Amino acid sequence: MIGGLFIYNHKGEVLISRVYRDDIGRNAVDAFRVNVIHARQQVRSPVTNIARTSFFHVKRSNIWLAAVTKQNVNAAMVFEFLYKMCDVMTAYFGKISEENIKNNFVLIYELLDEILDFGYPQNSETGALKTFITQQGIKSQTKEEQSQITSQVTGQIGWRREGIKYRRNELFLDVLESVNLLMSPQGQVLSAHVSGRVVMKSYLSGMPECKFGMNDKIVIDKQGKGGSTDDAGKSSGKQSIAIDDCTFHQCVRLSKFDSERSISFIPPDGEYELMRYRTTKDIILPFRVIPLVREVGRTKLEVKVVIKSNFKPSLLAQKIEVRIPTPLNTSGVQVICMKGKAKYKASENAIVWKIKRMAGMKESQISAEIELLPTNDKKKWARPPISMNFEVPFAPSGLKVRYLKVFEPKLNYSDHDVIKWVRYIGRSGIYETRC
Amino acid sequence: MTDSKYFTTTKKGEIFELKAELNSDKKEKKKEAVKKVIASMTVGKDVSALFPDVVNCMQTDNLELKKLVYLYLMNYAKSQPDMAIMAVNTFVKDCEDPNPLIRALAVRTMGCIRVDKITEYLCEPLRKCLKDEDPYVRKTAAVCVAKLHDINAQLVEDQGFLDTLKDLISDSNPMVVANAVAALSEIAESHPNSNLLDLNPQSINKLLTALNECTEWGQIFILDCLANYTPRDDRESQSICERVTPRLSHANSAVVLSAVKVLMKFMEMLPKDLDYYGTLLKKLAPPLVTLLSAEPELQYVALRNINLIVQKRPEILKHEMKVFFVKYNDPIYVKLEKLDIMIRLASQANIAQVLAELKEYATEVDVDFVRKAVRAIGRCAIKVEQSAERCVSTLLDLIQTKVNYVVQEAIVVIKDIFRKYPNKYESVIATLCENLDSLDEPEARAAMIWIVGEYAERIDNADELLESFLEGFHDESTQVQLQLLTAIVKLFLKKPTETQELVQQVLSLATQDSDNPDLRDRGYIYWRLLSTDPVAAKEVVLAEKPLISEETDLIEPTLLDELICHIGTLASVYHKPPSAFVEGSRGVQHKRLPARAGSGESTESPDVGQSVGGADAPPAVIPSQGDLLGDLLNLDLAPPATTVPAVPASMQMGAMDLLGGGLDSLMGDESETHNIHQRMESPSPQSLSEYSHPELGGDIGGSPAIGAGMGAPPAVMPASLNAAVGGGLGDLFDLGGGVGMPTGAFIPPKTLWLPAMKAKGLEISGTFARRSGVLQMDLSLTNKALSVMSDFAIQFNRNSFGLAPAGPLQVLTPLTPNQTIDVALPLSTVGPIMKMEPLTNLQVAVKNNIDVFYFSCQYPISILFVEDGKMDRQVFLATWKDIPNDNEAQFQIKDCHLNSDAATNKLQSSNIFTIAKRTVDGQDMLYQSIKLTNGIWILAELRVQAGSPNYVLSVKCRASEVSQFVYQCYELVLKN
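Sequence lines, in order, name chains Y and U. Here the first sequence stands for residues 1 to 435, numbered as in our numbering. Here the second sequence stands for residues 436 to 1411, numbered as in our numbering.
Worth flagging that the hints you see were computed from the coordinates, not collected in a lab. As the structure is a computational prediction, the values presented were derived from the model and not from experiment. Hints may be right or wrong, so weigh each one.
[Said to hold, decoys possible] Here are the simulated DSSO-like cross-link-like pairs (lysine-lysine), alpha carbons at most 27 angstroms apart as the crow flies:
#, chain 1, residue 1, chain 2, residue 2
1, U, K1195, Y, K281
2, U, K753, Y, K217
3, U, K762, Y, K256
4, Y, K308, U, K1195
5, U, K1195, U, K973
6, Y, K143, U, K973
7, U, K563, Y, K345
8, Y, K300, U, K552
[To be verified] Just a sample of chain U residues kept apart from chain Y, beta carbon distances all over 12 angstroms, derived:
#, residue
9, C547
10, N630
11, L632
12, P636
13, E876
14, K1011
15, E1018
16, P1384
[As the list claims (entries may be wrong)] To be clear about the criterion: a stretch of chain U counts as covered by chain Y if any three or more of its residues have a C-beta under 8 angstroms from a C-beta of chain Y, and this derived list gives those stretches:
#, segment
17, 471-479
18, 902-913
Glycine residues also receive a C-beta, built at the ideal position from the N, C-alpha and C atoms.
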C-alpha cells in the first residue's frame, strides 16, 4: 500500500510530507526531488522506480504530488487516490497552489490522517469529510451527532448525510459534452468520438430516491418491443443514441444498471458528476474545417482555411477559435478574414482566428500569407494539425434527458414539486484537421 | 487565518523560543507553537529536542491540538522510545473516550508508533476497539491489526487478533469488511503458506455482497482479494463473473481494472464454447476503451495493462484500433504506449489506416517517438505481407527526408524486411547506399553492412563500400566489427577474384589486432574454413537463413500469465513480476492463472495442481525460457578443476571435436545469429538477447559454434510458442509433480529428464542419492539414435547450493544404438552459487559428439543433509529463540501412521537428527536439527499425537525459503 505522500513546490521544496510505512525513509523525499523534479530530461513516465522504491506523481499547476511505495500496490488506485486528494483539497480551500497549501498545512495533515490509514484509502467524499473535519474542533457535538457522523463515514450512503432540508427543492442537470475529431486533409473522418458528462447539482431535502432516464437506444428499443404505444415508442429509432460505454458515480446502483439498465441512486448534496459516457456513432460534427496549404518556393506559404457550421440555423455557436500552426522560421504573416479577428502569435507559432458568435449553416474563411526565413535545416516542417475550439448549445452526441424523477416518501414533497433545470453544452475536445 | 507564517521562522534561538511557547499557559499560544513545530518538521528540521514539551500538550480537550501532537509523536517516538512511554496513558484513556472519533483517533495513532513498549500497551485497547459498537472505530481497528502485524507479527498471532479480524469479514458494516479484507490480504502476503484468508464459497459470497455496498476503495480491496481465489469449477467461476461485471461501469478506473483482473483470471476456467464466454469478451472492450479518456497518468497505467490483455486475448480489442491513435498533445509516455498497442493490433483489415497514422507520427518532434514509429512501419511490413510493399515505399519516403535518426532507424527495419521477403525489394539498395555516410549509430551501421554483404553480387562497388568501413575498424563497436567481418567473407565468397586482399586484411585485423575473443574466434573459424575447404565455406557462410517471426517483444507466456494475475498493480505497469522490484518475502509468491475445467482443452500444463504443498511448480521446466540457455552459455565447457589430471586432456579433445563436428551444420546460422537475433525473431527479447549478444559467449572455448548451437532454437520457437509452450513442453520435463525424495535407504526411481526427441536421440533419466556421505547423480543414458554416440561430458549451471560434478562423466566406451548405460556421477558442493527459482532447480548441459543438450531437473533437498547435523541441546534452544518468528513455517503431514520412535529412526537415516523429545498431554514433541552442506542449520519441531495420523511440523531456519523443501522431504521420508 501507499507508504508515504509528499507535496512539493516547483522548486522541489517539501510542503507536506506524511510517511505511513516504516519502509519509507526520509531519503525518499530527496530521491524524488533529485531524480524527477530536478531531472534534466523531461519526465518519461508518471511512475518512477528509484532504488526499488516506486514513485507515482501528478502535477497540478506547479505543485507536485507524489505517492511512494515499496510494495506491489494497485497502481490505478494510487493515481485515483491522488486525483481524489486534489478534489478534496480543492473543495476545502480552492485552487491547489503553494500559498494555499502552506496556509492550510494543518488541515491537510488532518485530512491525510483521515483519508489514508496505513496507506489504505478511506472514505474521501468531501460531503462526509466536511461534517467532522472543520478545523474548528468537534467538541460541541452531541452524542447523537457523533454517531451520525461515524455512521455516515462508514455507511452505505457515505456521500450524503441525513437531515438535509431545503425550502425549495431544486435540481440542475448539465449535459456537458466534448466532441473530438481527427480529420484528414481530404475531409475523411479518421476518428471521432464524444465524451460526455452528466453533472448534477441537487438541492433536495431528506434522502431522495432518484431515477434518471435518457434516450439510450437499448432502453428505447426494449420499450418499443414491449408494445407500448406512447410517444417514446413511436419516436424510437432516430431519436435514440447508441452509447458505447458509460461509468457512474458511486451513488448509482451498478447491479441494477447491469440487469435493467435503469439508473437509480440517492444523490450527494450539491454538485457532483452523475455519469460519464462515450459515443462514436452518428455524431453531429458542429464544424468542418477545410484547409488548403500551398508552398510557394522555399520562403513563402499560402494558407486558406474555410470553416462551415453544421447545425440548426437558429442556434448560435460561441467562443470559436481556429488555430493554424506556422513554421518555426516564420518571419511575417499577412491575414485576411471575413469574420472575427485573426492574429499571428509568434510566441505560439500559430495564427489564432477568433469569432465570437456564429449561427448554424454558415461559412467563413481566412487566408494568410506566411513569409519564411531561409534555413538550411534539412528537417521538414511537421505541419501540425489545425485545431479548433468552440461551444455549442446542444449535445453533439444527440443525447436527450427524458426524465429525472425524485421520490422522497418520508417527506411531504413529490416529484412535481421539484424544480428541474436541464442544460446542454457541447464543447470542442481535441478537434483537429490535418493539413 | 493563515498558517504559512509558520514556515518562515528561521531565527537562531528558535528551538529555545518554541520551548517557552510550548510551556505557555495560554492555549492559543500553545497551539501556535505546536503548529510551528510541525511546520519545521515538514521542512526537514530536527525538532526532536522538543519531545517532552510537545508531549505535555497532549492532554487537551482541543481535538485539533491533539491531532497535531499525535502527528509529532508518530514522527519522533521511534527516536525517543523512553519519552514516548509518557504518552501511553493518554492513549489508553482516549481509547475509552465516549466520542467514537477520539477512540478511533487514539487507536489509529497508537498503531503508527513503532516502539515495543507502547505496542505492549496497545493490545488491550485494540481488542476492545475491534469489538466496539461503533463501525468507525471497528474499521480503524481492523487496519490497526495490520499495523501491529508489521511491527510484531508474533504478538498479533499470540493475541488472537487474526481470528478477530477474520470475524470482521462477516461484519454488518461494508467498510469494516473492506478494511478487514485489506488487512488480511496484506498479512497473508507475508505468510504465503498460511490459509489466513480462507476463501471458500461462503466467504466469497459475503465479499460479493459487501462489494455492492462499500466505498470505491473498499471495492478495490475486495476485488483484489477475490482475484486470489480459485473457483472450484466453471459454474462457480461464471457466477462470480456475473456478479463482478457491473463494476465495469464504475467511475473509478481502479475499480474497473481490478474487476477486469478478476474477469480475465476467472475466464480461464470457462469453456470457450460457452455463450457466456463470448458475452464476457464483448463486455470487456468498452470499459477498457473508456479508461483511455481518464487523466493521462491513469491512461498510462491502463495502456500498460491493455498491452498485456492484447497479448493474452487479442480478440477483445481487435476492432478498437482507432482509439489507440495518438493525439497530438498526448504526453510522450502515453504516445509510446499507444504505438506499442497499435502494432500489436495491426492486421490486414486495418493496415491501411495504421500505416497512414504511422507516417504522420514519423514527422513528429520527439526523437524516441519518431524512431518507434519508423520501427513500427517495419514491423507492419513483416506482420502483414500484403502491406509490405506500401511499407517499403513509406520507408523510402522517410529516408528521403534525410533526417538523420529517421534514416538510421529505417535502414535497421529494412534489413529485417529483406530477411522476411528475400529477393523482393532489393531494388531499393541503391537508395540505401546513398545514405551510408550519414549513419553514425552502431545498429544502423551494422544493418547497412549486413545488407551490403548479403547482396554483394548486386552492388557493383560493394568492395569499396566495405573497405571504407575497414579504415576505422578498431573504433567500431563489436556489433559492427563482427558484421563487417562476416560481410567481407561473404563478399569474398561471391567475388573471390578482386577481394582477396580485402578479406586478408579483415582477417588479420580480427585475429591479430583485436583482443575481443568473440571477434578473434570468429575470424579464426573463417580463416580455417577458407583455407581448408572453400566449397564447404560457401555452403556454411552463404547458407539459407531461417525465417524470422512476425511478432516481437512478446512477453514470455508464463510471465504473461503471472502478470495477468497482477492487472492494475505496479507489476503490470513495469511488466515485471513483483519479485523483481519488491524487497523481502512480500509478493515473491508467483501467481498463476487457474486451469480451464474439462471441455477437451489440453493446453494447460500438467503440473498445475500437482505441485506439492502449494509450492509453485518450477518455472524452469520450460526450456524455452531464454535465461536457461543464457546462463548455460556462461558455462565453461572445460572440466572442473577438481578432476584427476589425466582426464582433462581427453575432455579438451572432446570440446575440440564438438567444435569440428558441429560446425558444418551450425555455421550456416552462425553468420546470421549475431546480428539478427538481437532484434528480430526473439519471442522474449530480454532473455534471448542475452545469448544472442556475442559478448556473452566470450569466455567459452569455441564460442561461435556454441552461439550457433544456441541460434537454432529461436528460429523454431515461435511456432511452438503459440502452441502454449508453458504446457506442451512442461510435461516433457514433468518434475514438479511428484519428485521422488530419497531417504538414506530409499532412492526414488529415475525420472525422465531429457527425452530422446529433444536431444537428437539421446535419452537421459536419472535421480539423486546420498550414499554414506557422498552425493551422487545416477544417470541412465540411452542411445535411441542410429549412430554411435561418444565423447560425453556434463556441466551444471550455477545453482543454489553450488552443486557441481566432482569428476568427469565416466562413459568409457561409445554408446551404440539402443544401448543404455548407467553412470554414477559424484557431486561436490563447492561450485559457483546462484539462487535458483525454485530453490532446488538444477540446470544441466550434456554434450556428446552430436551436440550440446540442456535440461533442468530438481534434486531433493535431503541429499544436502550432512551427517554431522546433530546440534547440541543448549545451542538448539538458543538458536531456536534467536531465529525470528517470521521465519517459522508450519506444515501438516497427513496420514502418517508411524509412532514417534519409528519416525525418529526413519528420519535419522536421512540425517534428520532428533535432539530431544518431550511428551505433553499424550503428544510427543520431537526437536530435530538438520545441517545443510553450506552450513545452514534448520531446526524443526515435529508434533506427533498418539493415535492421530496427522503430524504437525514447524520448521525454523534463517533462510526461510528452504522450509517448504524440508517439509516435502519429511513427507517423503515418513511415507516411504
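Checklist entry - Of the hints stated earlier, which fail here? => result Hint check: 1, 3, 4, 6, 7, 8, 9, 14, 15 and 18 fail, others pass.
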